[in-house]
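S.K.: Each chain, letter by letter, is given below.
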Amino acid sequence: KQEVTQIPAALSVPEGENLVLNCSFTDSAIYNLQWFRQDPGKGLTSLLLIQSSQREQTSGRLNASLDKSSGRSTLYIAASQPGDSATYLCAVYFMGGSNYQLIWGAGTKLIIKP
Amino acid sequence: NAGVTQTPKFQVLKTGQSMTLQCAQDMNHEYMSWYRQDPGMGLRLIHYSVGAGITDQGEVPNGYNVSRSTTEDFPLRLLSAAPSQTSVYFCASSYYDGGGETQYFGPGTRLLVL
Chain E
1 KQEVTQIPAA LSVPEGENLV LNCSFTDSAI YNLQWFRQDP GKGLTSLLLI
51 QSSQREQTSG RLNASLDKSS GRSTLYIAAS QPGDSATYLC AVYFMGGSNY
101 QLIWGAGTKL IIKP
Chain H
1001 NAGVTQTPKF QVLKTGQSMT LQCAQDMNHE YMSWYRQDPG MGLRLIHYSV
1051 GAGITDQGEV PNGYNVSRST TEDFPLRLLS AAPSQTSVYF CASSYYDGGG
1101 ETQYFGPGTR LLVL
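Chains E and H are the protein sequences, given in the same order. Quick note: the first sequence, position 33, residue 33 per our numbering, numbers continuous. Here our numbering = 1-based position in the second sequence + 1000.
It is worth saying that the hints were derived from the structure and are not from the lab. It should be emphasised that the depicted structure is a prediction, and the values quoted were computed from it without experimental measurement. A couple of the hints might just be wrong.
Stated by the list, open to error - 20 Å max Cα-Cα, derived DMTMM-like pairs, lysine to aspartate or glutamate:
1. E:Lys68 / E:Asp27
2. E:Lys1 / E:Asp27
3. E:Lys109 / H:Asp1038
4. E:Lys42 / E:Asp84
5. E:Lys113 / E:Glu17
6. E:Lys109 / E:Glu15
7. E:Lys1 / E:Asp67
8. E:Lys42 / H:Asp1038
9. H:Lys1009 / E:Asp39
10. E:Lys68 / E:Glu56
11. E:Lys113 / E:Glu15
12. E:Lys42 / H:Asp1026
13. E:Lys1 / H:Glu1059
Produce the entire structure from the sequences given, and follow the hints as far as they go.
M.R.: Here it is as structure tokens:
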């Protein structure tokens, strides 16, 4: 059974710091991995999608890496800003049974202190 | 494009009442899904649809019904509300481009069952 874990559950850092959020998964036979951002009281916004054949994806100050063999992904945020405060979720897309499924981590709540 | 819209934003029900959560998308996506999000847990898939007239169960379907009469609409019905269904419900639509799904989420419906 695929399980997705995000540690820590919450993280608070001063503005300007570079930081890394972690995501681990138990079954390496994934199709892709996605990182999402969730703001309080709002839906989820897709940030980055990494295909299983890729090692990393970049968008602005965000860089996501994928190591399938170790079952890990990281989301690197450079020069953090208060506007980056949100909950970040990762989800893996994999074949579970007869259908592809999207399995979610519980998220890391990030607070950037001005 | 309005994207994915959900109504209502908030709802309070008494145990045993029924209601329908509405979801609509204007992106002509074939794939739509309903998730629930509970504290400390990842999103869990309730039901999904791969096109008009086709629905299937997700991870936690009990107590919920769906229908997909049009590409645009995917309502979720609670048949007899229970306190365990207190949660935040998200509707998503997605497209598949060979590299996996790209999902778009609605703003969510916060449901309290007393």
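S.K.: Next pair to validate is E:Lys68 with E:Asp27; report whether the Cα-Cα distance is within 20 Å.
M.R.: holds (9 Å)
S.K.: Given the hinted pair E:Lys109 and E:Glu15, is their Cα-Cα distance within 20 Å?
M.R.: holds (15 Å)
S.K.: Assess, step by step, whether the Cα of E:Lys1 is no farther than 20 Å from the Cα of E:Asp67, and give holds or violated.
M.R.: holds (19 Å)
S.K.: Between E:Lys113 and E:Glu17, is the straight-line Cα distance small enough, at 20 Å or below?
M.R.: holds (10 Å)
S.K.: Does the structure keep E:Lys42 and H:Asp1038 at a Cα separation of 20 Å or less?
M.R.: The given pair, whose Cα atoms are some 14 Å apart, holds under the 20 Å limit.
S.K.: Between the alpha carbons of E:Lys42 and H:Asp1026, is the straight-line distance 20 Å or under?
M.R.: Since the Cα atoms of E:Lys42 and H:Asp1026 sit roughly 19 Å apart, the hinted pair holds (cutoff 20 Å).
S.K.: Next pair to validate is E:Lys1 with E:Asp27; report whether the Cα-Cα distance is within 20 Å.
M.R.: holds (7 Å)
S.K.: Does the structure keep E:Lys68 and E:Glu56 at a Cα separation of 20 Å or less?
M.R.: The given pair, whose Cα atoms are some 11 Å apart, holds under the 20 Å limit.
S.K.: Next pair to validate is E:Lys1 with H:Glu1059; report whether the Cα-Cα distance is within 20 Å.
M.R.: holds (12 Å)
S.K.: Between the alpha carbons of E:Lys42 and E:Asp84, is the straight-line distance 20 Å or under?
M.R.: holds (15 Å)
S.K.: Holds or violated: H:Lys1009 with E:Asp39, Cα cutoff 20 Å?
M.R.: holds (15 Å)
S.K.: E:Lys113 and E:Glu15: Cα distance at most 20 Å?
M.R.: holds (5 Å)
This entry satisfies every hint, going by the numbered hints stated previously.
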